[in-house]
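Novice: In order, the protein sequences belong to chains R and F.
Using the working numbering, read the first sequence as starting at 1 and increasing by one per residue.
Using the working numbering, read the second sequence as starting at 1001 and increasing by one per residue.
What the hints contain is simulated information worked out from the structure, not anything from laboratory work.
Take these hints with a grain of salt, some might be off.
Which residues of chain F face chain R? A few of them, derived with a C-beta cut under 8 Å, are [what the hints assert, rightly or not]:
1. Ser1116
2. Asn1121
3. Val1124
4. Gly1128
5. Leu1142
6. Asp1259
7. Pro1263
8. Gln1299
C-beta: ideal position from N, C-alpha, C; glycine also.
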Amino acid sequence: MTAKRRVASGSTSLKKLAEHLGLNPATVSVVLNDVPGRTIPQATRDRIKAAAKELNYRPSLLARSLRNRRTLSIGILVPELGDGYHTQVMSGIGDHLMDAGYFYFTAHHRHRRNLVEEYSQMLLGRGAEALIAIDTLLEHSFPVPVVAVAGHRPIDGVTNVVLDHRFAAELALTHLHSLGHRRIAFMRGQPFSSDSDERWRSIVMVARELGIAIRSELTVQLDRDVSSPELGYPVIQHLLANRQQFTAVVAFNDMSAIGAIRALQDSGMKVPADVSVIGFDDINAAAFNNPRLTTIRQPLANMGRMAAQCVLNRIHGSERFRKQIVVEPELVVRESTRAIQP
Amino acid sequence: MSSHKFWSLLLDNCMFRLETRCQEQSMAREEGDRYMTEKRRASGSTSLKKLAEHLGLNPATVSVVLNEVPGRAIPQATRDRVKAAAKKLNYQPNLLARSLRNRHTLSIGILVPDLSEGYHNQLVGGIGDHLTEAGYFYFTALHRRRKHLVEEYGRKLLSRGTEALIAIDTPLEHSFPVPVVAVGGHRSIAGITNLILDHRFAAELVLMHLHGLGHRRIAFVRGQSFSEDASERWRCIVQVAGEVGIAIRPELTVQLDRDVSSPELGYPVIQHLLSNREHFTAVVAFNDMSAIGAIRALQDSGMQVPADVSVTGFDDITAAAFSNPRLTTIRQPLANMGRMAAQYVLNRIHGKEKFRKQIIVEPELVVRESTQAIKQGNQPGKTSQLPHQ
Chain R
1 MTAKRRVASG
11 STSLKKLAEH
21 LGLNPATVSV
31 VLNDVPGRTI
41 PQATRDRIKA
51 AAKELNYRPS
61 LLARSLRNRR
71 TLSIGILVPE
81 LGDGYHTQVM
91 SGIGDHLMDA
101 GYFYFTAHHR
111 HRRNLVEEYS
121 QMLLGRGAEA
131 LIAIDTLLEH
141 SFPVPVVAVA
151 GHRPIDGVTN
161 VVLDHRFAAE
171 LALTHLHSLG
181 HRRIAFMRGQ
191 PFSSDSDERW
201 RSIVMVAREL
211 GIAIRSELTV
221 QLDRDVSSPE
231 LGYPVIQHLL
241 ANRQQFTAVV
251 AFNDMSAIGA
261 IRALQDSGMK
271 VPADVSVIGF
281 DDINAAAFNN
291 PRLTTIRQPL
301 ANMGRMAAQC
311 VLNRIHGSER
321 FRKQIVVEPE
331 LVVRESTRAI
341 QP
Chain F
1001 MSSHKFWSLL
1011 LDNCMFRLET
1021 RCQEQSMARE
1031 EGDRYMTEKR
1041 RASGSTSLKK
1051 LAEHLGLNPA
1061 TVSVVLNEVP
1071 GRAIPQATRD
1081 RVKAAAKKLN
1091 YQPNLLARSL
1101 RNRHTLSIGI
1111 LVPDLSEGYH
1121 NQLVGGIGDH
1131 LTEAGYFYFT
1141 ALHRRRKHLV
1151 EEYGRKLLSR
1161 GTEALIAIDT
1171 PLEHSFPVPV
1181 VAVGGHRSIA
1191 GITNLILDHR
1201 FAAELVLMHL
1211 HGLGHRRIAF
1221 VRGQSFSEDA
1231 SERWRCIVQV
1241 AGEVGIAIRP
1251 ELTVQLDRDV
1261 SSPELGYPVI
1271 QHLLSNREHF
1281 TAVVAFNDMS
1291 AIGAIRALQD
1301 SGMQVPADVS
1311 VTGFDDITAA
1321 AFSNPRLTTI
1331 RQPLANMGRM
1341 AAQYVLNRIH
1351 GKEKFRKQII
1361 VEPELVVRES
1371 TQAIKQGNQP
1381 GKTSQLPHQ
């Protein structure tokens, strides 16, 4: 019989395995699942394990997960998998979950409210033990642990992983202020991006304290849902076409900063000689841009890892619910900012 | 083995598998139902049975309406009533349990080395967008190019019921019991469809372009030996270079070996060429990331791109168009390749398309600012004009 069975590339069921061994299926199950506190002789245990190996017995994880209520999977909601922010956070999450033996489902909702709702329900329907939402607007609580990376609403059971935006604004504006910049153009993030409001609020507050005016004619609003430098190009082009004077640009993120620099260069201006530009995030491309980008670093991959660790701890009950986890930013000074020319 | 014996063995084997499968299915079905009841109790939602009781209808009728089973004569008024009650009583079909009944998990497994920017995330992004639109989710398994993880994760994805696999830049060693597409895969394995770029044409595009601009002393950056595309791409470059009359000089050929996907990739290898005082007028980089790093290395040693050295990339990632200078490159339609891979596995799952050994995608030359015709003084045979520091 074993000879025939071995021909099969498919696996054996628990029942067949028990028959083959002449044992009760329950005994076989207890041994293979390492159920504690059962007195089964070591010799029997060894015999069962050897037979399971020989007959290529593979437990069906899907069926087993229904018994244990454990699917070892996490659902991830993300707008899209663009360059920069999303991918770097995802990659931190992915590495950490895989190391812990978890897999994750991903759904791309493209910032559409109805899809966020629909996909989160579907992820739960597939047995996700927890959800991680990246740059995703959640509107209610869920029956499983949830971590929202860059989430700002207080919702029951949802832990927000947030950057200290107030400190980030201080770092960026004090840096430019100390270099003598006063006429500064500001880019506001897209209304659908989770961090936009909070970041803007902090900038307005810190600017006032430092005595930097926020001029409406120098404030541009991003609105396109792209995550390439294309984001920052047209808005700076627009300022230049209006012949606005400014000595520095505070971009919403690195991608838009890179686009802004390109727009400035394309109209014959030099960065940083004519205009300083500061980014936000410190994505990989920032250090290799020409000029290299001065930016505010968010520890993106690390934020992903923290989010993953937090949901795992909550699943395993080793951590209490926290409303938020605050992450500290860092100023990285490179080539795109310098003191204004007298 | 006699042919009779072979067939009887095969038949026996099939019967055994069928039997096991039926058994597993019925076990799973029972467990699915049990799970659903428990879960409902926890979340306060209603079961199909309760819903039917509430409506005073047969559960089968309710199910037919809610699952939109075609071809049943149920009055519209009843349909509306069922739907309204389902909404009011918060009836949610349990997809996990349902998938066990149908054997449809509506999920696809993706094997990818890592989720780095550029190549991998643009492909996964394209696949994900398409799958999500089609009502499928995907599991991503990052194997970091470790052979045992590729094997282990492939198996685990299947045991989670994924209906197909898409492998990106991943060396697969055997066939699988589900449809598989290998993006950038070059091995011929039963049941695995390789989605590949026409590398020969890509090599022609890039070398003809540089040749046409007068470049003859060209430095080549070879891809990492673990990259599935690297050896095929190199083979084509060597072949086309021979035909066009461009020499491939070992002293101008550098090999990438680090497993990073940022411009850091191309920086040190070009620095190395420069510190050896090698003279070249163009660089054919393995991909855009390494091209951006190469440009930065050239600029940092006081050279201008493209005035002193032309640089070509490969892939056309989003950063290519915004690099300074904007990158001349060979476009692989990455997001579109992701979509094609997704659509193809969906078609195979639904039996709408037959197995194909490979799907070939055509590259495109995108000329931007990083290449230009060589200056007179830079022509072959003349002495180097490189600024040495």
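Novice: Looking back at the numbered hints, which does the structure fail to meet, lowest number first?
Specialist: 6
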